[in-house]
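**Student:** Taken in order, these protein sequences are the chains called A and B. Once you know that position 312 of the first sequence is 317 in our numbering, the rest is easy, because the numbers rise by one and skip nothing. Once you know that position 161 of the second sequence is 166 in our numbering, the rest is easy, because the numbers rise by one and skip nothing.
It is possible that some hints are incorrect.
If several chains are the same, the list does not tell them apart, and a pair holds so long as it fits within one copy or across any two.
Claimed, not checked - The calculated lysine-lysine pairs, modelled on DSS-like cross-linking and capped at a C-alpha distance of 30 Å, are:
1. Lys177 <-> Lys261
2. Lys85 <-> Lys416
3. Lys14 <-> Lys135
4. Lys14 <-> Lys162
5. Lys177 <-> Lys290
6. Lys134 <-> Lys14
7. Lys410 <-> Lys162
8. Lys410 <-> Lys85
9. Lys416 <-> Lys162
10. Lys260 <-> Lys14
11. Lys14 <-> Lys85
12. Lys20 <-> Lys260
13. Lys85 <-> Lys20
14. Lys20 <-> Lys261
Since the hints were derived computationally from the structure, they do not count as laboratory data. Quick caveat, the model's predicted, so the values are computed rather than measured.
There are 2 protein chains.
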Amino acid sequence: MKDLNVPYKIYLEEKEIPTAWYNVRADMVNKPAPLIHPGTLQPLSFEDMQPIFCDELIRQELDDTTQMIPIPDEVLQFYKMYRPSPLIHAVFLERALDTPAHIFYKFEGNNTSGSHKLNSAIAQAYYAKKQGLKGVTTETGAGQWGTALSMACAFFKLDCKVYMVKVSYEQKPFRREVMRTYGASVTPSPSMDTNIGRKINEEYPGTTGSLGCAISEAVEAATSTPGYRYELGSVLNQVLLHQSIIGQETLAACKKYGIRPDIIIGCAGGGSNLGGLISPFMGEKLRGEADYRFIAVEPASCPSFTRGRFVYDFCDTGKVCPMAKMYTLGHGFIPSANHAGGLRYHGMSPILSQLYADGYIEARAVEQTSVFAAATTFARTEGILPAPESSHAIRVAIDEALRCKETGEEKTIIFGLTGTGYFDMTAYENYNNGNMTDYIPTDEDLEKGFAGIPNLPL
Amino acid sequence: MKDLNVPYKIYLEEKEIPTAWYNVRADMVNKPAPLIHPGTLQPLSFEDMQPIFCDELIRQELDDTTQMIPIPDEVLQFYKMYRPSPLIHAVFLERALDTPAHIFYKFEGNNTSGSHKLNSAIAQAYYAKKQGLKGVTTETGAGQWGTALSMACAFFKLDCKVYMVKVSYEQKPFRREVMRTYGASVTPSPSMDTNIGRKINEEYPGTTGSLGCAISEAVEAATSTPGYRYELGSVLNQVLLHQSIIGQETLAACKKYGIRPDIIIGCAGGGSNLGGLISPFMGEKLRGEADYRFIAVEPASCPSFTRGRFVYDFCDTGKVCPMAKMYTLGHGFIPSANHAGGLRYHGMSPILSQLYADGYIEARAVEQTSVFAAATTFARTEGILPAPESSHAIRVAIDEALRCKETGEEKTIIFGLTGTGYFDMTAYENYNNGNMTDYIPTDEDLEKGFAGIPNLPL
Chain A
6 MKDLNVPYKI
16 YLEEKEIPTA
26 WYNVRADMVN
36 KPAPLIHPGT
46 LQPLSFEDMQ
56 PIFCDELIRQ
66 ELDDTTQMIP
76 IPDEVLQFYK
86 MYRPSPLIHA
96 VFLERALDTP
106 AHIFYKFEGN
116 NTSGSHKLNS
126 AIAQAYYAKK
136 QGLKGVTTET
146 GAGQWGTALS
156 MACAFFKLDC
166 KVYMVKVSYE
176 QKPFRREVMR
186 TYGASVTPSP
196 SMDTNIGRKI
206 NEEYPGTTGS
216 LGCAISEAVE
226 AATSTPGYRY
236 ELGSVLNQVL
246 LHQSIIGQET
256 LAACKKYGIR
266 PDIIIGCAGG
276 GSNLGGLISP
286 FMGEKLRGEA
296 DYRFIAVEPA
306 SCPSFTRGRF
316 VYDFCDTGKV
326 CPMAKMYTLG
336 HGFIPSANHA
346 GGLRYHGMSP
356 ILSQLYADGY
366 IEARAVEQTS
376 VFAAATTFAR
386 TEGILPAPES
396 SHAIRVAIDE
406 ALRCKETGEE
416 KTIIFGLTGT
426 GYFDMTAYEN
436 YNNGNMTDYI
446 PTDEDLEKGF
456 AGIPNLPL
Chain B
6 MKDLNVPYKI
16 YLEEKEIPTA
26 WYNVRADMVN
36 KPAPLIHPGT
46 LQPLSFEDMQ
56 PIFCDELIRQ
66 ELDDTTQMIP
76 IPDEVLQFYK
86 MYRPSPLIHA
96 VFLERALDTP
106 AHIFYKFEGN
116 NTSGSHKLNS
126 AIAQAYYAKK
136 QGLKGVTTET
146 GAGQWGTALS
156 MACAFFKLDC
166 KVYMVKVSYE
176 QKPFRREVMR
186 TYGASVTPSP
196 SMDTNIGRKI
206 NEEYPGTTGS
216 LGCAISEAVE
226 AATSTPGYRY
236 ELGSVLNQVL
246 LHQSIIGQET
256 LAACKKYGIR
266 PDIIIGCAGG
276 GSNLGGLISP
286 FMGEKLRGEA
296 DYRFIAVEPA
306 SCPSFTRGRF
316 VYDFCDTGKV
326 CPMAKMYTLG
336 HGFIPSANHA
346 GGLRYHGMSP
356 ILSQLYADGY
366 IEARAVEQTS
376 VFAAATTFAR
386 TEGILPAPES
396 SHAIRVAIDE
406 ALRCKETGEE
416 KTIIFGLTGT
426 GYFDMTAYEN
436 YNNGNMTDYI
446 PTDEDLEKGF
456 AGIPNLPL
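All chains, full assembly: derive it from the sequences and hints.
**Tutor:** Put into structure tokens, the structure is as follows:
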């Protein structure tokens, strides 16, 4: 029987919050490939990006040599409202699994946005404010990123214009109202506000929208409105940089309390959480100072790492954004309608893609009913109702802990619990009612997505 | 300008969690009046209550002399999953109000139940388990208490049967699914499972239920099923006892960090949060060791303290429960349909009622649009989206801080932030859309409720 008289929650003190983000690109020998312009196929320059992104964020996007980038004081003050986040020793889960493994999770859900997204949102809002902008635009699907950016903009008194995929806008009014409570304007996409929105509404009357379309509208709104820029919550190098706060805190807590992880596990959609969690540990591995196993977990229904191709592809379905070299299922790939667990992006962070291609990361694809089974076990033992996305990591953490039970190994496992599932109860309802099914695309299904990838001379 | 380089969140260490609940009745000269049997008008004995409540909880209900009651180890282990809760220095709210006041709040919302209710739920589930019971029943309106009890029962592997007011069951499916994820069975009330449910369905075809009816069904189910008991989330002495953990931690944090509150503010529905928060401070006041102002905040639309009567009344609409001496609007009182902010109970904890009658507590009634305005200010500055209930306390905390701004006084204000509002976005939506209205019952409205109070020779 596990000893329950140990500290469960490991909090750093507020003064121990790291004061710089860690830029893993500085320690990579094979740097991630640059974003390229779809017309010229040339790497995007600072000037190319200036109409879309804030200046300082472009500098961060392009900087693959500076190892530590100081966190501005104003951002640190905001971080102190909800950070440091706890590193929690999962003693009740260990006991339920009867495993010799030691399981810890870094919990990023204890803030009103409900996830780690706030870590980058506040940085992006800060740089927009510092540049003297009036506001920012973005897109959101279910609303996690939109909520985070709304909170960040309220803090810095910036306008925030969110294009929300119409079907979510109508079916998930709660997140929409959280955003509005924080003062954001939320527009169902496709809207009649933008050229691309009007065009799509005309071509597909009654369409309920897509993330690709919402991105296109948000970018158009930013570039056509003086004093606005566009902000994005995942995939980009700058986002992984900001999210390194997760890993920096985790590493600091491990060093302070003598925890040495054997395996670090995170779910992977666009890669912001996984990249943030593992970056500083990856740095140690890249520099030859320590060794860790890293496992990226993705849905079997949207398997970019495990079954995708490592090529240049568009970042959005609407092809208005730059192209990135990444593991991709093709920008036209859309997960099956039965897919409930988030992580539905067709591509993957270029940084993580390069690290995976170079053999530094393992990847595993899991099916959603097994993910919700793990989520339920976790909720009942550890008391936190996890987001479906995070539950992918829980699934593999449990699998690894059960493997330790077979072998008798006392491995230490850390996983990222990115958020809470309070706004995902429709998916839980399907699972509770036994109505959830699994879907694994056939090779033929995937070929359709691959067929849309442009065949570039790169 | 306020100094922002101070710690925002004051956490005790896990080992500093208080190991005993504080029973304020021990220090009261005028004890709260006992529950009485509606037939005999005699105080309820241990044996009277045995068919309904767990034995140990009855002992706690009746014990008005033992000052400290040890918290069982198993309950303390569960507390460590989400406690100590932080005492947060509201530096950003202070800055926004430009007040010399020092504002702190004790935040009980960082757990999956989303509120302080879990503090008593886990204790009640533990005593049921210890007694060898198979399960417990309860009722829930919007679902906060039902969620908390479901989590607690999952932890101790007890059956949990929740009667949920039908209109909430249908219109608020998210909370229902959280309960089901934790393994509870959730039945819309009135149901066809119980005599009282069948009777009400027959008399009022198509009724969408009420809390009074759900209580009656839960009590019937508990008393008619071998191995079951009924559990309640507020009003009772035992609940205030368990909730004293809130105040115990707050007092410990104040002593550790040299904070001396002038005013302590809490919202009051049935009284569990307010009673829990203020108990240990009230103890100091009752014993003459310190002085504090205590302010109970209630909705103007359900003003039991400020406009109710201090008499014996039924605890439930259906009159199946015992009678309590308390501030009451009459057990038939139902707040106006436009009332969105919770705290809709017609009565009040007998302990708090006695303390209020004896002049130890002030009370203030606030209107709901001003409550949601305070909630929005708080969300945008402090980053936490508050529950409507908790926002009543925020309203008065802000009012007191603004008064300090006028007078220049540097008062220290502590208020209880009982929970988060993630499941209350429909009310926020009404507020955001400008559709929220206020309602203050007329004296004639109140007379109708008072008319139902039995005229007892007590």
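**Student:** Decide, hint by hint, whether the structure agrees.
**Tutor:** Going through the hints against the structure:
In the homo-oligomer, the alpha carbons of Lys177 and Lys261 never lie at most 30 Å apart, since the shortest distance is 42 Å inside one protomer and 44 Å across protomers. For the identical chains of this complex, Lys85 and Lys416 are inter-copy neighbours only, at 24 Å across copies versus 32 Å inside a copy, given an alpha-carbon limit of 30 Å. For the homomeric pair Lys14 and Lys135, the shortest alpha-carbon distance between copies (27 Å) is at most 30 Å, but the shortest distance inside one copy (36 Å) is not. In this assembly of identical chains, the alpha carbons of Lys14 and Lys162 lie at most 30 Å apart only when taken from different copies (24 Å versus 34 Å within one copy).
Taking CA atoms no more than 30 Å apart as the test, Lys177 paired with Lys290 passes in neither setting, with 42 Å inside one copy and 48 Å between copies. Taking the shortest alpha-carbon separations for Lys134 and Lys14, only the inter-copy value of 26 Å comes in at or below 30 Å, while the best intra-copy value is 35 Å. Taking CA atoms no more than 30 Å apart as the test, Lys410 paired with Lys162 passes between copies only; the shortest distance there is 23 Å, against 52 Å inside one copy. Proximity of Lys410 and Lys85 under a CA criterion of 30 Å is satisfied inter-copy only: 26 Å between copies versus 39 Å inside one chain copy.
In this homomeric assembly, Lys416 and Lys162 come within 30 Å of each other (Cα to Cα) only across copies, at 28 Å, whereas the closest approach inside a single copy is 47 Å. For the homomeric pair Lys260 and Lys14, the shortest alpha-carbon distances inside one copy (15 Å) and between copies (23 Å) are both at most 30 Å. In this assembly of identical chains, Lys14 and Lys85 lie within 30 Å of each other by CA distance both inside one copy and across copies; the values are 17 Å within and 8 Å between. In this homomeric assembly, Lys20 and Lys260 come within 30 Å of each other (Cα to Cα) both inside a single copy, at 16 Å, and across copies, at 21 Å.
In this homomeric assembly, Lys85 and Lys20 come within 30 Å of each other (Cα to Cα) both inside a single copy, at 9 Å, and across copies, at 23 Å. When the C-alpha separation of Lys20 and Lys261 is checked against a cutoff of 30 Å, the pair qualifies both within a copy, at 14 Å, and between copies, at 18 Å.
The structure fails hints 1, 5 (numbered hints given earlier, in ascending order).
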